[in-house]
Every structure is written in C-alpha cells, then in structure tokens.
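K.L.:
Residues per chain, in single letters:
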Amino acid sequence: MRRLLLALMSVLAVAMATPRASAQTASSWTPPKTPWGDPDLQGIWPSTHMLQTPVQRDPKMGTRAVLNDEEYAQRMRQVKAFANIEAGNPDRVPISAGWFDPGKGSRQASLVVDPPDGRIPALTPETQKREAERLARYKEKKDAPDTWQDLTTWDRCISLGAVGSMLPFYYNNGIEIVQAPGYVVIRNEMIHEARVIPLDGRPHVGSAVRMWMGDSRGHWESATLVVETTNFNTRVGVGPGDGGFGDAAPRPTENLRVTERFTRADEHTVDYQVTIQDLNTWTKPWTMAYPLRQEPNYTTISEYACHEGNIFMHDVLSGARAVEAKATAAKKGSN
Amino acid sequence: MNQRRLRRLLLTLLLTLPAVVAAHHSFTAQFDANKPVTVRGTVTKMDWINPHSWIHLETKDADGKTITWMVELGTPNVLVRRGFTKKALEAGTEIVVSGYQAKNGENKMNGGYVTFKDGTRLFAGGSGPGEAPTPIPGAPQK
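Protein sequences appear in the order of chains E and D. Everything in the first sequence is counted per our numbering, starting at 1 for the first residue and increasing by one. Everything in the second sequence is counted per our numbering, starting at 1 for the first residue and increasing by one.
Extracted from the complex, chain E is given alone in its bound form:
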C-alpha cells in the first residue's frame, strides 16, 4: 500500500510540476517496445532541465509540492540569470556560474517527494556523531589537504555512487539507457559509470562483495523498470552535501538499499524515482522523483576523461605545500 501511495504521490508531484506533451498527444502515444518485447527505454535522457530545482524543499512550503506562480516566477528568474551567460552576456555575472547549463525551470518544489514535506529525514544519532567527525576533518582539509585521502571520491575521479550519478548537476547530466535481451545498461556521463543490470532474477552477489556503484538487479513491473541495488561500499556519500554531490553527503552503512523506477511517460520523457533506505543512517526511507527528458542539443555523451585531465590533484597537493612553506618562511623571518 505504501508503495502504491508513494508511486501516486511521485507521479502527481512530477506531473503537476512539469509540462508534458498535450493531452491529445499523450493519449494517442503508444509506448514503444524493443524487438524482443520489453518496454523500450533506450536513449539519452539528460536531467539538465531539472537544474534550479532543489533537492530539498523550502520548509516554508510544508507539504505543498508545486510552486505557486510567484515562486515559479522567481525560479524562472534564476534560470534566466544563468541563461544570460549563454546569451553572450557574461560581463555581469560571477564567473563561477560560467560552467553551467541553466536548466529549464520546473514547477516541482523539490526533488524529494517523500517524506511529504520534501525534506531528507533526520540522520540516526550514531550517524550524526560519525558524520560530525568526518565533516569536521573534511571542512578543515578540503582546501589544504595533507594527503590525497583528504580529497573526495569525485575530486579523485573515482565515483559519485549510484545515487549521486543520477542527480541533476550543472554539467555532464547525460544518462543513457541501452537494452539487450535480459539486460539493461545505465550509463552516466558523470562520472563515466555504466551499470550492467541483469533482468533474469539472479540473486545479488555475496554480502562480502562491496562496490562503489553497488550490485544492481532489475525486473519489469508492467511498463516500469525496477532496479534494486545493494552491496554498496560505505565510502561515497548519498545525496547532496555542502561540498557537492557525494562528497560531503552522509556516508551510508552496508545496509543501504536503493530502489529505482524508470517509466516511459511520453516520447521524450522517462519518469525516474529513487528510494533510499538505510535505517542505520536515516531514520526512515526517502524518495526523490523527477523526469529525465531528451533534449535536441544533447544527443551525445562526452567521454569523462577525468584521470587524464586531473591536474587538480597535483595542483592542490603542491599548492597546499607551497602555502605551508610560505607560512614557515614568514614565521622564520619574523623570529
């Protein structure tokens, strides 16, 4: 029953918040099938259009999942402000915005749709303590690391994890779905991940096997692809954090279970829903839902050549040592 309610809530929130093809088009549209008879989800489905939609809802909105006209106008001003960069008007905006796609502007209040207030549930007391210690070091060292281990798995070109890889970000939002008989592959532009998901009902790998993206198994529930992922390691965060996705976000425990649902909504849209459950980390499960949508100018996924281009690791570690040496020399000079 809870699953039914959740599905209904997600669909309502996303449907009310995001424009679709006209009702006439939607009713006359027949979801395609693969040659072997599975629902066809294949294509590149960027989440770029959901930029400017926060993960968590403004607490002032309570359980209201859709922006009113005034709030929507404010969001569209944000979209327009970012879009002005692309319109060749960079002089008046901070250059830090220049990396980013502006998004399209959705009426959806937050990516989190359950709990109904759109807020990620509280961490358990044990996790709060564990995270406070980890974050204290993270915040102290992120701009002056002692070692590569002080840097994030994103900085180090390792992984954003299964949840972080699907979240909208300001660039590299390409999500490609490829199908073959008995398998679905979900490929993320950031950060060069590809989950090969068997659909044949085989069990998960043994509990001793732990992976950055976990171990995924899929099945069909009518036209919906359901992907259950377990066997995560505990080294990459889940959800947004104050330093970017997957780095300052809370580290889960080995009990983490991620359930994703992909449903073709119309010719250009796949509705996506992800439920995160780890009662050792959060006090209750939580769900995000948002549409993934084809874009005419987003038809290829760039190779994510992170390691080859990762000059950052050299620069930041040598930069931290240079700052230390300067401080030491200044101290000696003043003595």
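None of these hints come from the bench; they were simulated from the model. Be aware that a few hints might be false.
Claimed, not checked - Rough simulated footprint, nothing fancy, chain E against chain D, three-plus residues with beta-carbon under 8 Å: (1) 45-52; (2) 56-69.
Said to hold, decoys possible - Computed list of lysine-lysine pairs in DSSO-like fashion (alpha-carbon distance at most 27 Å, straight line): (3) Lys117(D) / Lys35(D); (4) Lys332(E) / Lys45(D); (5) Lys326(E) / Lys35(D); (6) Lys60(E) / Lys104(E); (7) Lys35(D) / Lys139(E); (8) Lys60(E) / Lys80(E); (9) Lys35(D) / Lys45(D); (10) Lys60(D) / Lys117(D); (11) Lys141(E) / Lys45(D); (12) Lys35(D) / Lys65(D); (13) Lys87(D) / Lys60(D); (14) Lys87(D) / Lys35(D); (15) Lys331(E) / Lys45(D); (16) Lys65(D) / Lys45(D); (17) Lys45(D) / Lys117(D).
From a predicted model like this one, the values you see are computed outputs, not experimental measurements. Backbone N, C-alpha and C define an ideal beta-carbon position, used for all residues, glycine too.
Go by the hints and put chain D onto chain E.
P.N.:
Coordinates of chain D only, in the frame set by chain E:
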C-alpha cells in the same frame, strides 16, 4: 531585470546554494583568489577534456624568454552548447586572458575572460570565486 539585480540574484544564488553550484573541484583549493593575473599570448593548443578543458598559450617575459601558460575551462559539452567550437581558439590565435593563478605558483590559471585582438571577448567559464575578475588593462570591453 537590470544588470545590478541580475548580479545580486546570481550572488545570492551562489551563496545560498553552495552544494548545487560547487564545481567538480574546489576553486579555492587549486587557485588563489588573491592572485589575479592577465596574460597576453598566442594559443599553442586547446585540450578538449571532459570535465576540464585547457587552453595552452605562450607569451614572452621582459627578457624575451618564452613562458607557457595553461588556462582552465569548463566541460566541453557545456562549452560547445554555449557556441565555443573547435575553431574558436585555433593554434596561433593571439589572445589576452585574465583569471587567477594556481596556488602552487605554476603558470596555470582559472580563466575568467578571453579577449581576441579585435577586442571580441570569449567567455571562458572557469570555476572561480563569485565575482568578476579584474578588468583587463587596455583591452577593449565589449
């Protein structure tokens, strides 16, 4: 929206949504916001690398010695969608670049603006701090 309001909105956005607007890497870990630099030089090559593209250029110091610089840009797919094509910065192009130098003192910068000889300005989109870089001395503003 006038430009002052636009700038205020962007600044507010950047300050209030740090998680969302954080780029792949921390600007402040790699570059020094107190070391703005401006370099006039000739492009030797452009590395279109996702997620960090780089312009390579050469310039001369006061003694005529060749100095190389690298300028960090954003991800190729965003640059291309913004109209920054392969032909925009071919080898041999003379440019003026402003940005912030790497903390380690190497000749790398996070690019703010690229200005061509004719004064046309190409937006270089680095992951810099939330303010415009120092204006380029003598460079035409467009």
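K.L.:
A separate judgement is required for each hint: does it hold in the structure or not?
P.N.:
Hints, one by one, checked against the model:
{"no.": "1", "hint": "45-52", "in the structure": "holds (count 5)"}
{"no.": "2", "hint": "56-69", "in the structure": "violated (count 0)"}
{"no.": "3", "hint": "Lys117(D) / Lys35(D)", "in the structure": "holds, 24 Å"}
{"no.": "4", "hint": "Lys332(E) / Lys45(D)", "in the structure": "violated, 42 Å"}
{"no.": "5", "hint": "Lys326(E) / Lys35(D)", "in the structure": "holds, 15 Å"}
{"no.": "6", "hint": "Lys60(E) / Lys104(E)", "in the structure": "holds, 23 Å"}
{"no.": "7", "hint": "Lys35(D) / Lys139(E)", "in the structure": "holds, 23 Å"}
{"no.": "8", "hint": "Lys60(E) / Lys80(E)", "in the structure": "holds, 24 Å"}
{"no.": "9", "hint": "Lys35(D) / Lys45(D)", "in the structure": "holds, 24 Å"}
{"no.": "10", "hint": "Lys60(D) / Lys117(D)", "in the structure": "holds, 17 Å"}
{"no.": "11", "hint": "Lys141(E) / Lys45(D)", "in the structure": "violated, 34 Å"}
{"no.": "12", "hint": "Lys35(D) / Lys65(D)", "in the structure": "holds, 22 Å"}
{"no.": "13", "hint": "Lys87(D) / Lys60(D)", "in the structure": "holds, 25 Å"}
{"no.": "14", "hint": "Lys87(D) / Lys35(D)", "in the structure": "violated, 30 Å"}
{"no.": "15", "hint": "Lys331(E) / Lys45(D)", "in the structure": "violated, 41 Å"}
{"no.": "16", "hint": "Lys65(D) / Lys45(D)", "in the structure": "holds, 19 Å"}
{"no.": "17", "hint": "Lys45(D) / Lys117(D)", "in the structure": "holds, 17 Å"}
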